[in-house]
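> Residue strings, one per chain:
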Amino acid sequence: MVMIETVLGHRMGSVLRGWTEKITEINKKYKTPRIRMSRGVKIALLFLRIYLILLVLLLGYKFWTLLT
Amino acid sequence: MDIGSTFFYKYRRFIKTLKIYLLLAGPGLIVMLADNDAGGITTYTVTGAKYGYGLIWFLLLLLPVAYIVQEMTVRLGAVTKRGHAEAIFDAFGSFWGWFSFLDLALVNWLTLVTEFIGMTAALAIFHIPPAVTVILVSIVMMLMVLQGKYWTWEKIAILFAALNIIYIPAAFLVHPSVGEVLSIGLIPHFPGGFNGTLFFFLMANIGTTIAPWMIFFQQSAVVDKGMKEKDIPWGQMDTLIGSAFTVLVAIFLVVVTGTVLYGVEVESAAQAASIIMTTNPWLGTCIAIGLFNAGFLGAICISLASSWAFGEVFGWAHSLNMKVHEAPWFYTCYLFALVTAGGVVLVPHAPLVLITLFVQVIAVTLLPAALVFLILLLNNEEIMGKYRNSTLQNIAGTGIVVAIIVLSTLYGITTLFPELLT
Chain A
102 MVMIETVLGH
112 RMGSVLRGWT
122 EKITEINKKY
132 KTPRIRMSRG
142 VKIALLFLRI
152 YLILLVLLLG
162 YKFWTLLT
Chain B
331 MDIGSTFFYK
341 YRRFIKTLKI
351 YLLLAGPGLI
361 VMLADNDAGG
371 ITTYTVTGAK
381 YGYGLIWFLL
391 LLLPVAYIVQ
401 EMTVRLGAVT
411 KRGHAEAIFD
421 AFGSFWGWFS
431 FLDLALVNWL
441 TLVTEFIGMT
451 AALAIFHIPP
461 AVTVILVSIV
471 MMLMVLQGKY
481 WTWEKIAILF
491 AALNIIYIPA
501 AFLVHPSVGE
511 VLSIGLIPHF
521 PGGFNGTLFF
531 FLMANIGTTI
541 APWMIFFQQS
551 AVVDKGMKEK
561 DIPWGQMDTL
571 IGSAFTVLVA
581 IFLVVVTGTV
591 LYGVEVESAA
601 QAASIIMTTN
611 PWLGTCIAIG
621 LFNAGFLGAI
631 CISLASSWAF
641 GEVFGWAHSL
651 NMKVHEAPWF
661 YTCYLFALVT
671 AGGVVLVPHA
681 PLVLITLFVQ
691 VIAVTLLPAA
701 LVFLILLLNN
711 EEIMGKYRNS
721 TLQNIAGTGI
731 VVAIIVLSTL
741 YGITTLFPEL
751 LT
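If you're matching them up, the sequences are chains A and B in order.
Using the numbering used here, you'd call the opening residue of the first sequence number 102 and step up by one each time.
Using the numbering used here, you'd call the opening residue of the second sequence number 331 and step up by one each time.
There's no promise every hint is true.
As the list claims (entries may be wrong) - Some chain B residues near chain A, calculated using beta-carbon distances under 7 Å: (1) 420; (2) 421; (3) 422; (4) 423; (5) 424; (6) 425; (7) 521; (8) 695; (9) 699; (10) 702; (11) 706; (12) 710.
What the hints assert, rightly or not - Pairs of lysine-lysine residues, derived as DSS-like cross-links and limited to a Cα-Cα distance of at most 30 Å, are as follows: (13) B:716 to B:558; (14) B:485 to B:349; (15) B:716 to A:143; (16) B:558 to A:130; (17) B:349 to A:132.
Hints are computed from structural coordinates only; laboratory data are not their basis.
Every residue gets a Cβ at the ideal spot worked out from N, C-alpha and C, and that includes glycine.
Produce the entire structure from the sequences given, and follow the hints as far as they go.
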């Protein structure tokens, strides 16, 4: 963190450090999902992951076709 | 009791019920009327011009769709006292929490840009420069939230929402044939046969009915309003009335453009207003005012949905009941969203068409996740207790969610690859 402040300057560095700490705190707070991971929940989350991966691939393909 | 006493008793009871409703009405009515935002108004305008009254029956089907999805946010907000962003973080962990939150922030900001596009285009018809529109709108929107009371904000928003029904008197200005509207509009059929273009229009109409910001907005608004479990029936009634209004407004707009612009190639509501202005200035003015109001209503809800979500996730104070010094980050987010989105519209040669298309594509990455999380949360007994979904609600909710996911995904894909429709 001292490195960040050296590179970005004291003011920017402390702002960035504040944000990083906040995000770490949020990640820690919500580390464990509260909802019980039943089979239905697991299937739904798996579906969402696959869906999003496919969508990102499609977006990537579109971007590629636009470039070429 | 004689007839007079019975009538008086029923009258008093009705007035009492109305007073309670007016006190508790708000989130459902506002979110539903804001659903007819600039993008929605454009979709209905173009639908009317392209298919006349032919798709009115389809719009009617959207009433239960909108109600069933949004009603779940009322129960979730009233029971958990948490907004949707916080509820996702809490229930599904930080990965899905960050995904939903960052996606929402991006989609909302892009949608906000489209609302500003709609507002500036509408007022440009009255020769008001875009810069003036953006500045005035931003000032009014800031003043609305800075008075420090949710209740006051809500009532002002309802007043603006009421302006949304301008399309109902507008429909009477064009003297449509009621017989034709009923005979063509209410009998389910596919005008011109089922083809790629019609499918695109059906998907676009569904896409405008349920947007990700609506789920986040209504749940946060329910929490900020302080609704409790006992208020759920009122929240449901509010949402039902709102759903009826949103569909009614859409139908009347389709009647307007289906009567005066049927067969005319129209690309946007602003263009439609300009065309109509040359032959019927009153009607053109109504459409332009309606478009501006739609964009304005959408903008106030979307920017608030983002600010609430930021506050929930980062643990900042986030309520319209707080003054600026009590919730500085909440109001900073709100102002930041307004200024940057409004600013983009003023940038010369900004890729506004690309942004509008991009919104539809990015929205389909968030909508399925938000809807799936909604269903899962509403089925969790630990979270919802006796307010969890019943079997019937699950059948209806899951069916609608699956249909929305499939159709909105197809809509996004056809926006990306329009050649698939030909």
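> Next, verify each hint and record whether it holds.
The hints, checked one at a time:
For the restraint placing residue 420 (chain B) at the interface with chain A, the shortest Cβ-Cβ distance is roughly 5 Å, inside the 7 Å limit, so the hint holds. Because the smallest distance between the Cβ of residue 421 (chain B) and any Cβ of chain A comes to about 4 Å, under 7 Å, the interface hint for this residue holds. Annotation: interface hint on residue 422 (chain B) holds; nearest CB of chain A at approximately 5 Å, less than 7 Å. The beta carbon of residue 423 (chain B) comes within 4 Å of a beta carbon in chain A, closer than 7 Å, and the hint placing it at the interface holds.
Among the interface hints, the one on residue 424 (chain B) holds; its C-beta lies about 4 Å from the nearest C-beta in chain A, closer than the 7 Å criterion. A cut of 7 Å between beta carbons decides the hint on residue 425 (chain B): the least distance to chain A is about 9 Å, and the hint is violated. A least Cβ separation of about 30 Å between residue 521 (chain B) and chain A goes past the 7 Å threshold, and the interface hint is therefore violated. For residue 695 (chain B), the interface hint holds, the least distance from its beta-carbon to any beta-carbon of chain A being 6 Å, beneath 7 Å.
Because the closest C-beta pair between residue 699 (chain B) and chain A is about 6 Å apart, less than 7 Å, the hint holds. Restraint check, residue 702 (chain B) versus chain A: the minimum CB separation of about 5 Å is within 7 Å; hint holds. Residue-level restraint check for residue 706 (chain B) holds (minimum Cβ-Cβ distance to chain A is 6 Å; threshold 7 Å). For residue 710 (chain B), the shortest C-beta to C-beta distance to chain A is roughly 6 Å, which falls under 7 Å, so the interface hint holds.
A C-alpha spacing of about 14 Å is found between residue 716 (chain B) and residue 558 (chain B), which places the hinted pair at or below 30 Å, so the restraint holds. With a C-alpha separation of about 14 Å, the suggested pairing of residue 485 (chain B) with residue 349 (chain B) holds against the 30 Å cut-off. At most 30 Å may separate the alpha-carbon atoms for a hinted pair to count; residue 716 (chain B) and residue 143 (chain A) meet this at roughly 23 Å. A threshold of 30 Å between alpha carbons decides the hint, and for residue 558 (chain B) with residue 130 (chain A) the separation of about 26 Å falls inside it, so the pair holds.
For the proposed pair residue 349 (chain B) and residue 132 (chain A), the alpha carbon gap of about 45 Å is over 30 Å, so the pair is violated.
Consistency note: the structure conflicts with the earlier hints numbered 6, 7, 17.
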